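Undergrad: Sequence:
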Amino acid sequence: MKSESRRRSLGTSPQTPAATGSKKYQCSDCGKSFTKSCHLKNHERVHTGEKPYHCSQCGKSFTHQSALRQHRRIHTGEKPFDCSQCGTSFTHHSALQQHERIHTGEKPYHCSQCGTSFTRQSALRQHQRIHTGEKPYHCGQCGKTFTYQSVFRKHQRVHTGEKPYPCSQCEKSFAYQSHLLQHQRIHTGEKPYHCSQCEKSFSYQSILQQHQRIHTGQKPYYCSQCGNSFTRQSHLKRHQLIHTGQRPYHCGQCGKSFSQESYLRIHQRIHTGEKPYHCSQCGKSFRDQSTFHSHQQSHTGQKLYVCRQCGRSYTHARSLRKHKCSNIKPSALDT
Numbered sequence: 001m002k003s004e005s006r007r008r009s010l011g012t013s014p015q016t017p018a019a020t021g022s023k024k025y026q027c028s029d030c031g032k033s034f035t036k037s038c039h040l041k042n043h044e045r046v047h048t049g050e051k052p053y054h055c056s057q058c059g060k061s062f063t064h065q066s067a068l069r070q071h072r073r074i075h076t077g078e079k080p081f082d083c084s085q086c087g088t089s090f091t092h093h094s095a096l097q098q099h100e101r102i103h104t105g106e107k108p109y110h111c112s113q114c115g116t117s118f119t120r121q122s123a124l125r126q127h128q129r130i131h132t133g134e135k136p137y138h139c140g141q142c143g144k145t146f147t148y149q150s151v152f153r154k155h156q157r158v159h160t161g162e163k164p165y166p167c168s169q170c171e172k173s174f175a176y177q178s179h180l181l182q183h184q185r186i187h188t189g190e191k192p193y194h195c196s197q198c199e200k201s202f203s204y205q206s207i208l209q210q211h212q213r214i215h216t217g218q219k220p221y222y223c224s225q226c227g228n229s230f231t232r233q234s235h236l237k238r239h240q241l242i243h244t245g246q247r248p249y250h251c252g253q254c255g256k257s258f259s260q261e262s263y264l265r266i267h268q269r270i271h272t273g274e275k276p277y278h279c280s281q282c283g284k285s286f287r288d289q290s291t292f293h294s295h296q297q298s299h300t301g302q303k304l305y306v307c308r309q310c311g312r313s314y315t316h317a318r319s320l321r322k323h324k325c326s327n328i329k330p331s332a333l334d335t
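Using my numbering, the first residue of the sequence shown is number 1, and each one after it goes up by one.
Hints are computed from structural coordinates only; laboratory data are not their basis. Be aware that one or more of the hints could be misleading.
As the list claims (entries may be wrong) - Dumping the calculated DSS-like pairs for lysine-lysine here, alpha-carbon to alpha-carbon at most 25 Å: (1) Lys219 / Lys237; (2) Lys256 / Lys275; (3) Lys60 / Lys79; (4) Lys144 / Lys163; (5) Lys237 / Lys256; (6) Lys51 / Lys32; (7) Lys36 / Lys51; (8) Lys23 / Lys41; (9) Lys51 / Lys41; (10) Lys144 / Lys154; (11) Lys219 / Lys200; (12) Lys24 / Lys36; (13) Lys172 / Lys191; (14) Lys41 / Lys60; (15) Lys154 / Lys172.
Since the structure is predicted, the reported quantities are computational estimates derived from the model, not experimental observations.
Whenever a hint applies, use it, and build me the whole structure from the sequences.
TA: Below, the structure is given as structure tokens:
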């Protein structure tokens, strides 16, 4: 009674749990405590799964009213949070905070294993899988596992055949955006990869790398049968057919078989009469490119076939073979 009368004389009233900082509202499921009963009720929905707040646009349900309000901005397009540095707007305040780190350079999330820092906690969690080896995304089709959800989603297109990236020029579609961007260079003529040795340009980095082996002399693909080496894997595979004797390409007209598809195509021109290589000097046409090039040398006077013993040069390989040093195989000069 004395303490109550003293409070009255001082003009004070009993303090609420919120004012004192005490948390008298406890969750019976997990033991968490809250200063307000409404906060406890909101929390209990985590355990009950109750989602009483429904979106009238798409029917999605939410545990908290604040989450519903944020969600509605997807439909209204409202972006109330503006970046003071660049003016970009965001639907959620948390997204703005993450964005602002681009300007400040702040990376508050640090990896305890290697010290790498990140602007977002989610990026740190993904990074940590490098150290733990965790691959939480499993493919139900083939059993492969993946570290990142984005890589997993791309992988699934192997099974579904989905090609969500269409080319606006020719209606071809691609499973990956990177493949579409590469393909579009066919239409634009863009060749962003330049050779520092001869200034040739290429549409694809892989083709530049193959080309550079002309300058370096690198031949990384070796035949286990005879030791021959090649600049490209496709050339090695073609060569290996010599050892296996395999001739998988068959002519539908006469039944002849060939080790390489290009040989079959050239052969088929015997039946079709096609001669796609035309000489602009004299109008003659040829079935295959090698014969066409040999013919052009008759106009240019260029002699690519040289005898290694005496140095004499010839326009055609057959002329070198007839030469008295015919035991030496013809070799084309580097151009």
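Undergrad: Confirm or reject each hint.
TA: Each hint, compared with the structure:
For the proposed pair Lys219 and Lys237, the alpha carbon gap of about 14 Å is at most 25 Å, so the pair holds. Straight-line distance between C-alpha atoms of Lys256 and Lys275 comes to about 20 Å, which keeps the hinted pair within the 25 Å bound. Straight-line distance between C-alpha atoms of Lys60 and Lys79 comes to about 20 Å, which keeps the hinted pair within the 25 Å bound. Under the criterion of a C-alpha separation no larger than 25 Å, the hint pairing Lys144 with Lys163 is consistent with the structure, at around 20 Å.
Restraint check for Lys237 and Lys256: satisfied, since their Cα atoms lie roughly 21 Å apart, inside the 25 Å limit. For the suggested pair Lys51 and Lys32, the alpha carbons sit about 20 Å apart, so the restraint of at most 25 Å is met. Annotation: proposed proximity of Lys36 to Lys51 holds, straight-line Cα distance about 20 Å (limit 25 Å). Taking the CA atoms of Lys23 and Lys41, the gap is near 14 Å; set against the 25 Å cutoff, the hint holds.
Note on Lys51 and Lys41: the hinted pairing holds, with a Cα-Cα distance of about 12 Å set against a maximum of 25 Å. At most 25 Å may separate the alpha-carbon atoms for a hinted pair to count; Lys144 and Lys154 meet this at roughly 13 Å. Proximity of Lys219 to Lys200 is assessed by CA-CA distance (about 20 Å); at most 25 Å being required, the pair is judged to hold. Restraint check: the Cα-Cα separation between Lys24 and Lys36 comes to about 8 Å, which is no more than 25 Å; the hinted pair holds.
Pair hint Lys172 plus Lys191 holds up; C-alpha atoms about 20 Å apart against a cutoff of 25 Å. For the hint pairing Lys41 with Lys60, the CA-to-CA distance comes to about 20 Å; that is within 25 Å, so the pair holds. As the CA atoms of Lys154 and Lys172 are separated by approximately 18 Å, the hinted pair is consistent with the 25 Å bound.
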